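Asks: Chains as they are written, first to last, in our numbering: chain Y, 1 to 275; chain F, 1 to 275.
FYI, nobody ran anything at the bench for these hints, they're computed from the structure.
Because the structure is a prediction, the values reported are computed rather than measured.
Identical chains blur together in the list; that is why a pair holds if it fits in one copy or across any two.
List of simulated lysine-lysine pairs, PhoX-like, C-alpha gap at most 25 Å: (1) Lys132 / Lys202; (2) Lys132 / Lys253; (3) Lys272 / Lys94; (4) Lys161 / Lys110; (5) Lys24 / Lys84; (6) Lys84 / Lys124; (7) Lys124 / Lys242.
Protein chains: 2
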Amino acid sequence: MQLQPTKYSIVNEDFLPATEASVKITDLALQRGYGIFDFFKILNGEIKFLEDHLDRFYNSAEQMHLPVDQTRDELKAMLFELMKKNDLPESGIKITLTGGYTPDGYSIAKPNMIITQQALTLNKGDIAPGIKLITHSHQRQLAHVKTLDYLMAIWLQPLIKEKGADDVLYFSHGIIRECPRANFFIVTQNNEVITTATNILKGVVRKQLLAIKDSGFNLTERDITLEDLRLCKEAFITSSTKNILPVIAIDGKAIGNAVAGDVSTQLAAKLKELL
Amino acid sequence: MQLQPTKYSIVNEDFLPATEASVKITDLALQRGYGIFDFFKILNGEIKFLEDHLDRFYNSAEQMHLPVDQTRDELKAMLFELMKKNDLPESGIKITLTGGYTPDGYSIAKPNMIITQQALTLNKGDIAPGIKLITHSHQRQLAHVKTLDYLMAIWLQPLIKEKGADDVLYFSHGIIRECPRANFFIVTQNNEVITTATNILKGVVRKQLLAIKDSGFNLTERDITLEDLRLCKEAFITSSTKNILPVIAIDGKAIGNAVAGDVSTQLAAKLKELL
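Next comes chain Y alone, as it looks inside the complex:
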């Protein structure tokens, strides 16, 4: 999945050739990792769940003391103009808001907004082959905010590869949290579908899934323990790019029959109706 920016990117108000777009080295994201972002999925030339993502973007910015110059309508107009210029009907747009050009290497200044668009082959709702996870004890700081902090996730990549896995599942004090870029669900032996509830970033696909009224299953949010994980019959993750993606093994131990489970498959079909 190459995410190279394509044709045009936006830095603040300027539409720039994507390969030339740059920021000065005094930016607080570069100096101190300080900033937030959101990711918008585009299918058939249309942004999916646009309002949900804008809600989260503005909320992340506010939580992090980063004022956004643009009103919601102005920001939408910029996204639509970028989409027109780039003409990528299946793609992702990332809006990053940084702490700006800091005068002292530490203080927040007027934020810089960076918008990039990348062609993507997106999952349209079909169930995909499963992935393998390792667990790692870690609690994301400011977990409810979509910050730029992926230090632990990227640092763990060599270990994930070494273990023959695809991604990492964070837990903290015996309670499951999330994957770095996805929410986590289990299906119990009683067909109860549970997703983690606390100290996580609540994803948009997670929200859409929980809102489905006629799924035929009992979907609930509550803490999932490491013991729940050991006993579950299915597990899956959700994200904007992956929709529902089965988890077939965790720490080298198979989940169920190590294939996409029945409940996961039925929920994926329900979610597909929404897309």
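Starting from the known structure of chain Y, arrange chain F on it as the hints suggest.
Replies: For chain F alone, kept in the frame of chain Y given last:
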């Protein structure tokens, strides 16, 4: 303390006018907060504790899977050339190493190295008036590495101001850790000088101070509890820019007589001899 880069900065091999120096928006520090740095103090045109800082820089890079193109001697030559061009006898040099221009927004690429120099008025070892701290429950991730992650520290700035304090002291599970940019010491009622030992970044001034043989005090590294904090008679922090800086109040409660204590003052004098 303005840290604006002065005259020249270095981006990879290039000496650039500091105000123009920039990196492309695909840099992994900007995208995901992934990178490390170190800070070198220059007094009378000479880098203090150069080898200690280089040790830590190369160690941070290795821990974070970031190869450094330059040998130690090559890197020193670059620093010396920058110092010559900028001619700032009292200043700080920051070397930042990022995850590079990531092809997919997530993977480490060939790192970008950014070197900036700023004029600074540095503490030369004299004891300074004390500061006030608030405590906050937080454990830095990958604490032994000097990463770019200052998310919590910068996020807390409005709260620190609101409380009339100057900085924050992190604790985790009842154990004191560190300030965002400084190590922490207490002096007990028995004149024992203790600094926190675990899950911290071990600073160069901290190391120098612990190495002083004839300080006249018993300096030890061990866990400091919140209870130890309540009972101590002096407290101070150490950092490259601050040397020894007394802490006169924590969470609104005075430490000792809320002035620089005798032990802190004597240790500051000993440290001054080293500089």
